[in-house]
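*Asks:* Sequence order for the protein chains is A and B. When we follow the working numbering, the leftmost residue of the first sequence carries the number 36, and every step to the right adds one. When we follow the working numbering, the leftmost residue of the second sequence carries the number 99, and every step to the right adds one.
Honestly, the hints are just simulated from the structure, not real lab data. Some hints could be false.
[To be verified] Heads up, simulated DSSO-like pairs for lysine-lysine below, C-alpha to C-alpha not over 27 Å straight-line:
| # | chain 1 | residue 1 | chain 2 | residue 2 |
| --- | --- | --- | --- | --- |
| 1 | B | Lys131 | A | Lys97 |
| 2 | B | Lys181 | B | Lys131 |
| 3 | A | Lys127 | A | Lys145 |
| 4 | B | Lys136 | B | Lys181 |
| 5 | B | Lys181 | A | Lys93 |
Okay, here's what each chain looks like letter by letter:
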Amino acid sequence: MIRAYLQDLERALSFDRALARRVCQEAEVHLLEAIAADPTADRSEAQRNAIASFGDPKEIAKEFAGVFLARQARGMASTVVFIVFGVFLAMKVRVEFYALTHYTMRADRKSVAEIVLSIDRYAFWTSVLLGVAVYFYMHRRSVLAGPTRSVRRTYNVCVIATATLAVSVVADGVLTGLQLHGTQLCSSAILPMLSSILEVAAVSFLGIRVLLLVQRARSTATRAS
Amino acid sequence: MQGMEGEMLKGHLDMIVLAALAAGPAHGYAIIKHIRDKSGEAFDLPEGTIYPALHRLEQSGLLSGRWTTAPSGRRRRVYALTKRGERALARQSELWQRFATAIGGLLAGTGPQGNPA
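Sequences are here, hints too, so could you generate the full structure?
*Replies:* Shown next, in the form of structure tokens:
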């Protein structure tokens, strides 16, 4: 009877295998202690009592899903901040490099570059603001409060922050293209190109990670409901 | 004493668990037993719901957990309050006292025959 109950519990917690193993181990000890403490002479009845007192596996899994999703959301917020910081560094390196090597943009491209630059700037600072805000929001949330709503907000804001960062990185790529197009491709062009490629790689990684986490969160919420 | 409403109890479960662990480190079953005994069996939640709370509090750094071997030879996880947990409990306890005093004041004289005027 206990074995069947633990299997149900493990199945209900299948969104996180490691967690399921740990919880089942704790639940088994709990149930065995409850059975040992039960004054009923009939062992089967004692087992039934222990299982009834422990509760419905689906209800327990639902509670754990909330904890799991909150942990994922915290991780997602940290990743967003980390990648935004990485993109910022790559941009800084490129700008400093242009200044050091006296790279100048052709005059006929400057008006287009200014428009792209303003898009880049607004998109980037929006992602910084959203990333930092969601990081502090998620890390300062009281654990004594229910996490569901804050988790949903965190996921949404992370998706928006990633999208704005992607806009900024695309704009960066356009600016780098405008800067380098037509100039002789020599070794000094490697650094701006490399930093742009790194930005694209970082934001692609973030986008995939955010999408996977959102998908996983959805399937966890569905499975636990 | 009558059992408290489940939802009301759930809202304060973290504080109840922290308070139970103020007496010293314990494993899940012992925590439940302590809560039940100390509350005069008023707190009657499904026992399994304590584990998500323990897990959440451990993740938040308010509790620490470690596996130990019981005299029976079974491995069980024992939880203890961390310094952060002690501070959180003190804060929650103070808030709760203020809240209880305020509600007590509001409810005074509002029995079936009570009249605030």
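*Asks:* Does each hint hold? Answer for all of them.
*Replies:* Hints, verified against the model:
no.	hint	result
1	B:Lys131 / A:Lys97	23 Å, holds
2	B:Lys181 / B:Lys131	24 Å, holds
3	A:Lys127 / A:Lys145	20 Å, holds
4	B:Lys136 / B:Lys181	23 Å, holds
5	B:Lys181 / A:Lys93	33 Å, violated
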